[in-house]
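In the order they appear, the protein sequences are chains Y and F. Remember, this note's numbering sits 6 above the position in the first sequence when you count from 1. Remember, this note's numbering sits 398 above the position in the second sequence when you count from 1.
To be clear, the hints were calculated from the coordinates, so they are not data collected in a lab. The model shown is predicted, which means the values in this text are computed figures rather than measured ones. Warning: the hint list may mix true and false statements.
If you want the footprint, here are the derived chain Y segments under chain F, 3+ residues with CB under 8 Å [stated by the list, open to error]:
#	region
1	51-65
2	79-90
3	93-107
For each residue, glycine too, the CB sits at the ideal point set by N, CA and C.
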Amino acid sequence: DGGITQSPKYLFRKEGQNVTLSCEQNLNHDAMYWYRQDPGQGLRLIYYSQIVNDFQKGDIAEGYSVSREKKESFPLTVTSAQKNPTAFYLCASSIGPHYEQYFGPGTRLTVT
Amino acid sequence: GDSVTQMEGPVTLSEEAFLTINCTYTATGYPSLFWYVQYPGEGLQLLLKATKADDKGSNKGFEATYRKETTSFHLEKGSVQVSDSAVYFCALEGGAQKLVFGQGTRLTINP
Chain Y
7 DGGITQSPKY LFRKEGQNVT LSCEQNLNHD AMYWYRQDPG QGLRLIYYSQ IVNDFQKGDI
67 AEGYSVSREK KESFPLTVTS AQKNPTAFYL CASSIGPHYE QYFGPGTRLT VT
Chain F
399 GDSVTQMEGP VTLSEEAFLT INCTYTATGY PSLFWYVQYP GEGLQLLLKA TKADDKGSNK
459 GFEATYRKET TSFHLEKGSV QVSDSAVYFC ALEGGAQKLV FGQGTRLTIN P
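Start from the sequences and build out the full structure, keeping to the hints where you can.
Pasting the structure below:
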């Protein structure tokens with residue numbers, strides 16, 4: 007079955023540590039996205055990539071970093087510079103511009 | 399900039415009631431419009447979409463019509479079920495092909 011996988015589902019870290027969230031897709035999509043969701047709020051775009059080896063900052067990129075070395079993979083690193091990292095993180099992909107985005111199941115990150 | 403405003407929640411209805419969740423948008427040009435649904439603990443799933451004015455998107459008994467004159471894309475369903483309980487997000491495709499989401503509306507259907 008084609009789809010997007012995110013792992014792990016739940017992640018716990020101590021403050022001051024960097025943490026990397028995994029996102030893999032086997033849909034052969036060119037574009038991939040990372041969103042952050044906080045309680046009672048909509049999704050906010052962190053980073054996106056329209057093609058391998060290229061990515062762009064979204065609306066809330068500070069304290070995050072990404073890489074896109076392979077078409078299938080778009081890992082997100084939450085660095086210690088992110089002031090409020092506890093949130094639900096969602097990865098998505100699409101064939102390209104103007105096409106619908108498909109979402110993964112999400113990773114809930116808790117930093118204490 | 400582009401923005402989406404959704405009806406404040408939470409919304410609680412009885413089974414078989416009529417549902418409307420309001421959504422209005424601000425954007426330059428004529429963006430594509432979407433409704434996504436999120437079940438507890440899961441990612442988002444596309445529910446329906448419309449790509450131009452007067453288009454009607456429909457799926458699983460839900461409908462929404464792209465109204466350019468009122469910049470709206472209200473979600474409707476004639477008879478809701480308990481299984482429709484979820485959070486619903488209205489979104490538009492903004493500049494650089496990025497999705498802009500509303501804040502979400504939590505819907506609870508009681509049997």
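Evaluated hints:
| no. | hint | verdict |
| --- | --- | --- |
| 1 | 51-65 | holds (count 5) |
| 2 | 79-90 | violated (count 0) |
| 3 | 93-107 | holds (count 7) |
Hint compliance for this structure: hint 2 alone is broken.
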